[in-house]
Amino acid sequence: QVQLQESGPGLLKPSETLSLTCTVSGGSFANFFWNWVRQPPGKGLQWLGYIDESGKTTYNPDLKSRIIVSLDMSKNQFSLELTSLTTADTGVYYCARMDFWTGFQRPWGQGAQVTVSS
Amino acid sequence: QSALSQPRSVSGSPGQSLTISCTGTSSNFGTYNYVSWYQQHAGKAPKVLIYDVSKRPLGVPDRFSGSKSGLTASLTISGLQTEDAADYYCCAYAGAYTHLEFGGGTKLTVL
Chain D
491 QVQLQESGPG LLKPSETLSL TCTVSGGSFA NFFWNWVRQP PGKGLQWLGY IDESGKTTYN
551 PDLKSRIIVS LDMSKNQFSL ELTSLTTADT GVYYCARMDF WTGFQRPWGQ GAQVTVSS
Chain W
19 QSALSQPRSV SGSPGQSLTI SCTGTSSNFG TYNYVSWYQQ HAGKAPKVLI YDVSKRPLGV
79 PDRFSGSKSG LTASLTISGL QTEDAADYYC CAYAGAYTHL EFGGGTKLTV L
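Protein chains in written order, with this note's numbering: chain D, 491 to 608; chain W, 19 to 129.
The hints are simulated quantities; they were obtained by calculation from the structure and are not laboratory data. The beta carbon of each residue, even a glycine, is placed where N, CA and C say it ideally should be. Take the hints with a grain of salt, since some may be wrong.
Away from chain D, derived, C-beta distances all over 12 Å, residues of chain W [to be verified]:
id, residue
1, Gly30
2, Asn51
3, Asp80
4, Gly88
5, Thr116
6, Gly121
7, Leu126
Label-pair distances were calculated between CB atoms; the ranges are [unchecked claim]:
id, chain 1, residue 1, chain 2, residue 2, range
8, D, Thr576, W, Ser45, 41 to 51 Å
9, D, Asn521, W, Gln99, 47 to 57 Å
10, D, Ala520, W, Lys73, 37 to 47 Å
Using the sequences provided together with the hints, build the complete structure.
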């Protein structure tokens, strides 16, 4: 059974760079996309971007200049980097496996709280 | 603000059926062929209920069903149970290497 777990620093300052890692256990990277979604406090889900097994990425155009998603299959991990943080980037960040054809996401990680504050 | 519009809240009594709508525009639902629905309990990660408009993953009760007509997708919950109280999100996808879009979410209260 595939499981995902996010890890990374919980508190950052404005203008810093967020780096989160999602560790995948119990499955391979083949034939799926690997996705990042976030949720600001009290708000809805926002799609950030995803990566395929070859390293090809697709990003939310609202974040395109600030986001990098990468993959390290040797470590069974994929990562999110978000630069030039502001307080609006505060929220819970989720990683999820995404079906290539239909886009549905399952399973999800438990989420990582990220707070951006001076 | 999401381009997929959901009611902010809905409510129902145990045993009832209710439907949550997700309305798009020709620029998203006209292009997005795949709709999925997610349930999120407070403090938990989302869980998929429906994918590809109307398919249920293994383990999801058949009380949950999905449909789409024109620019509106719908999630119907039959035989409402107290544990169905949660937030529900629709998600649209046009295919590989295209964007995802989530609806704004609907809070379901079970009275």
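Here is how each hint holds up against the structure:
1. Gly30: It holds; Gly30/W is separated from chain D by about 21 Å at its closest Cβ, greater than 12 Å.
2. Asn51: violated, 9 Å
3. Asp80: Holds, because the least Cβ-Cβ distance between Asp80/W and chain D comes to about 17 Å, which exceeds 12 Å.
4. Gly88: holds, 20 Å
5. Thr116: violated, 7 Å
6. Gly121: violated, 7 Å
7. Leu126: holds, 14 Å
8. Thr576/D with Ser45/W: 41 to 51 Å: violated, 28 Å
9. Asn521/D with Gln99/W: 47 to 57 Å: At 35 Å between Cβs, range violated.
10. Ala520/D with Lys73/W: 37 to 47 Å: Violated, at about 22 Å.
In summary, the structure is inconsistent with hints 2, 5, 6, 8, 9 and 10 from the numbered list given earlier, while agreeing with the others.
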